[in-house]
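Student: Residues per chain, in single letters:
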Amino acid sequence: MRISGKWRGHPARRLGSGQDARATARWSMPGLGLFKGLAVTARNMIQSYYRKDRMTTVQYPEERAPISPNFRNFPFLCYDGDDPVAGLRCTACSICEKECPPQCIYIVLDRDENGKSLKRPKVFDIDISVCMNCGICAEVCPFDSIYMDGQYEMSTTDRFGGLLLGLDRLAKSADYHMQLRPLEASEVAARRKAEEDKKRAAQAAKEAKAKADKQAKEKAAAEAPAATIGKGEPA
Amino acid sequence: MISDLSRFSLSSSSSAAPVLDDDQLLHVSLGPQHPSTHGVFRVNVALDGETVVSLKPVFGYLHRNHEKIAENATYLSSMPYTDRLDYICPLSNNWAYANAVEKLAGIEVPERAQYMRVILAELTRLINHTAFAGFILGDMGAWGSALMYAFRERELILDLFEDLTGARMMANFMRFGGCRNDLPAGWANKVSELVNGYGAFLDEMEDLLIGNEILLARTRDIGALPKDVLINGGITGPMLRAAGVNYDIRKVEPYGIYQRFDFRIPLGGTGDCYDRIMIRFLEMRESLKILRQALDQLPEGPFVHPKAKIRNFKPPVGEAYARVEGPKGELGFHLLSDGSANPYRYRVRPPSFINLTLLEDMCLGLDLADVVVILGSIDIVLGEVDR
Amino acid sequence: MSLLDMAYGGPSLWAPEWLPRLPQRVVEMLLQHYDTPEWLVSLAGFAVAAATVVAVFLSAFALLSLIERKTLARIQNRLGPNRAGWFGILQPVADGIKMLTKEDIVPAKAEWFLHLAAPVLIVVPAMLALGVIPYGREWVPVRLELGLLFFFAVGTLTEMAVFMAGWASGSKFPMLGAMRAISQMVSYELPLILSALGVIMVTGSLSLPDIVAKQEGLHWNVLTPWGLSAALVFFIASIAEANRCPFDLPEGESEIVAGHMTEYSGFKYALFFMGEYLGLFAISGLFITLFLGGWQAPLPGLTVIPTWLWFFAKLVVVIFSHLWIRGTFPRVRIDQLMRFAWLCLIPMALLTIPAAGIWVLIGGGLLGWLVTVPLLLIPWVVLTTIHNRRLAPQTRTYTFAD
Chain P
1 MRISGKWRGH
11 PARRLGSGQD
21 ARATARWSMP
31 GLGLFKGLAV
41 TARNMIQSYY
51 RKDRMTTVQY
61 PEERAPISPN
71 FRNFPFLCYD
81 GDDPVAGLRC
91 TACSICEKEC
101 PPQCIYIVLD
111 RDENGKSLKR
121 PKVFDIDISV
131 CMNCGICAEV
141 CPFDSIYMDG
151 QYEMSTTDRF
161 GGLLLGLDRL
171 AKSADYHMQL
181 RPLEASEVAA
191 RRKAEEDKKR
201 AAQAAKEAKA
211 KADKQAKEKA
221 AAEAPAATIG
231 KGEPA
Chain E
1 MISDLSRFSL
11 SSSSSAAPVL
21 DDDQLLHVSL
31 GPQHPSTHGV
41 FRVNVALDGE
51 TVVSLKPVFG
61 YLHRNHEKIA
71 ENATYLSSMP
81 YTDRLDYICP
91 LSNNWAYANA
101 VEKLAGIEVP
111 ERAQYMRVIL
121 AELTRLINHT
131 AFAGFILGDM
141 GAWGSALMYA
151 FRERELILDL
161 FEDLTGARMM
171 ANFMRFGGCR
181 NDLPAGWANK
191 VSELVNGYGA
201 FLDEMEDLLI
211 GNEILLARTR
221 DIGALPKDVL
231 INGGITGPML
241 RAAGVNYDIR
251 KVEPYGIYQR
261 FDFRIPLGGT
271 GDCYDRIMIR
281 FLEMRESLKI
291 LRQALDQLPE
301 GPFVHPKAKI
311 RNFKPPVGEA
321 YARVEGPKGE
331 LGFHLLSDGS
341 ANPYRYRVRP
351 PSFINLTLLE
361 DMCLGLDLAD
371 VVVILGSIDI
381 VLGEVDR
Chain D
1 MSLLDMAYGG
11 PSLWAPEWLP
21 RLPQRVVEML
31 LQHYDTPEWL
41 VSLAGFAVAA
51 ATVVAVFLSA
61 FALLSLIERK
71 TLARIQNRLG
81 PNRAGWFGIL
91 QPVADGIKML
101 TKEDIVPAKA
111 EWFLHLAAPV
121 LIVVPAMLAL
131 GVIPYGREWV
141 PVRLELGLLF
151 FFAVGTLTEM
161 AVFMAGWASG
171 SKFPMLGAMR
181 AISQMVSYEL
191 PLILSALGVI
201 MVTGSLSLPD
211 IVAKQEGLHW
221 NVLTPWGLSA
231 ALVFFIASIA
241 EANRCPFDLP
251 EGESEIVAGH
261 MTEYSGFKYA
271 LFFMGEYLGL
281 FAISGLFITL
291 FLGGWQAPLP
301 GLTVIPTWLW
311 FFAKLVVVIF
321 SHLWIRGTFP
331 RVRIDQLMRF
341 AWLCLIPMAL
351 LTIPAAGIWV
361 LIGGGLLGWL
371 VTVPLLLIPW
381 VVLTTIHNRR
391 LAPQTRTYTF
401 AD
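Chains as they are written, first to last, in our numbering: chain P, 1 to 235; chain E, 1 to 387; chain D, 1 to 402.
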């Protein structure tokens, strides 16, 4: 089968060239098409011995295919510093629980003896047999707390408990996040640092202002007693 | 064969008056487990010797209540589910749904996001048609060579998707008002390289397929239907264009920024299986052209509308139907909103399902082996047929 | 047979040419040392020779099952089995263990004796056919005057066994599959035999060693125009006889089940495959004998390499072509298959008879080429045009709309 039509380089080399109004597939010598097919497979076979793009097999588990740093699998919770309980960024606001499409997240807020919220989760379970790796939880989190992990070798023999990840398996440090997704993690770290600095500066300014106010008040009080003694008011 | 229109009746086969009694026919159920790769799909065929007398498709084995789930979920939550409709080309489904919601809520999409969407949609068309080229030869019993070549190239594009969206197939990438994140550094260059190299792969597949006498004998002059039957049956996509009907939504009702690109619509002559295969190859070439233009013109800017909401998204009361030219045909989403965060009615127009309705008419009078080839040439995905 | 060969008085037992006869010679010498009667010695020698052939080809079958998978894998840009042993060399062993440990299911409605006999009857004729092929100058298991006729006669037993398998299974799908298989095999038997007729005419003998002896040096039959045409026809017909892709309807796609082999499990299934592969070896061996010069080396200087090694090298090439074709082409449909056999292959096979006759009359050479080539080429073009009416010179035009 000979294909006619002018060709001008990639990508339209044969059928459907750039300027032609028609592409034709014309019949030619019988049997020739079969030989062309044989030539293609022979070429592929021979090239599979020395060209990497013709032999793309990655022999797992001896080798592992490289995955993109953006690859998302199941979520994890981020904590700052070394303590996974004290440094956990999650405040159990339950936004991710509400937004999760298959509803695979289960959160219980930690309260103290008076019922006041401690702003951290007592229970945070993700059922990864339900999770569909959409990443919406990571998108909606306002506290930079939940991100998508890249681990995929998570098989277990326990069908129910092994696939229910609790806080102990979900909490991973911010260093891990930095290792996994350097770009995203450094951007988050920079933003959080800037916010921290701004908060600290605002706090310092407020304290300075309160101190100045107190000093002004004391000064005013020190000058006032002479005026009030005549009225019988105690200073 | 095509001129005998009386055989192509759209009514059920029982009224087509088969000459033989029922017990002289051999009833075969090409059961839900197929050696071909289309998914769980059953065909009840009644054969007279080797010829098909009646054919009834049975599907629903992959029904997952997609539309009902969407009624109870927010608009954003449905987005990952649309990936799983036609899982061979997930980003087209995403775009169709995003289009519908944007039409409903009147959201504008910035320029860069439009270009990104076009690039991703055309890459999706490439992966779909490449996979099709592999599948059709697998259906015909070619022991998987073409399938392996096709999937080898498909993996390159899927790697690009993984770089950008985080997942190879279930991308969940479009948002209402743009895309989920911006292109990583160097991604556009990688796409350029791939586009430049793709032509060589297409040439190789054409060498393997086009002149192959066995393929010609298996696919010529089967499965053709007259144009008016196809139009009345609601067929869209490469099946319709292979019959010569000039209907491509990217030209007829352009969405996004398709009117800015210079590309043409390939049209076939007869509409048989061979034409359908060739049309898809030609469409792949046109997609490469669109990709080059889009990559050249890609502007800087925001990748999503600045006021786009992810949470608490409540579109105004109303309805909208938006459609895109998916690789399989016209993929449409019809949304009915009552002002709350969940849609009142969410309906998918699945091209595979509607293209499948004419299967019996295409197969009457042909051999059983032809049924498999025709089914392959319609290019169905059961995730879309059953939702 | 053994006495006749001993009368040749060849060089030492250990010379490469004589190596394949070593087991037979050793046994015969041992028995003669102990003064056993002549008929027993020849019988024992014959049994050992047959056992050698069977052992060689059974191990070749095991090796081929692995090589086929690895070759197909390389064609498809992937590695084949490489987990069972270094390079996957123990994969046939693993497959054999798997087949042996499977439950043997015989359907209730099946004829159990025929069900059992069918796989055996597929393997045995293939082995019988392997017995007449000359593998080397000194290595012909059975020297028959009517070797070629014996080969074809025994080959048709396989077809009967296929039908027996289908009928004895007792259900309709194997029956239909078997009917298709047998119609395919019977249709392709004719071009097979007809294309061999040219060779018989030129050689003047049905004996396979004589056919090989006639193809000395580069006078291989394939290098003549009638031989090339006959070889092509024979090769295509042999693919169909061996039920291999692109003619593997009995194996795949017949209503999506495995045709006549549907109701077989475990070792009987393995026997079917063994019979199929041994049949492939046999018919490839015959192809080499008839057309590719058998054990003859192409150039006189290369006769240092023992002749049986030449034979096996050619066998490797032919088998590789079978694998290559399997990895490339889709399957043909049953009616296209029959039409191809009856309308295309049989006329071409019939044409080799006048072509071979003219060749012998003219005595070969340039004039022979000039006369026979058009005689074969023009009908080929005409036939494929008529036969491929569906592929008629129709130009498919694809227009582009804006």
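Rather than coming from a laboratory, the hints here were simulated on the basis of the structure.
Treat the hints with care, since some could be wrong.
Unchecked claim - Estimated spans, in silico, between C-beta atoms of each pair:
#1 P:V108 / E:R345: 28 to 38 angstroms
#2 D:H33 / P:Q47: 41 to 51 angstroms
#3 P:V108 / E:V252: 48 to 58 angstroms
Positions of the beta carbon are idealized from the N, C-alpha and C atoms, including for glycine.
Student: Give a verdict on every hint.
Tutor: Here's how the hints hold up against the structure:
1. Taken as a hint, the range 28 to 38 angstroms holds for the pair V108 of chain P and R345 of chain E, whose Cβ atoms sit roughly 35 angstroms apart.
2. Between H33 of chain D and Q47 of chain P the beta carbon distance is about 58 angstroms. The supplied range of 41 to 51 angstroms is therefore violated.
3. Judged by the Cβ atoms, the range 48 to 58 angstroms given for V108 of chain P and V252 of chain E holds: they are separated by roughly 54 angstroms.
When the structure is compared with the earlier hints, a violation turns up for hint 2 alone.
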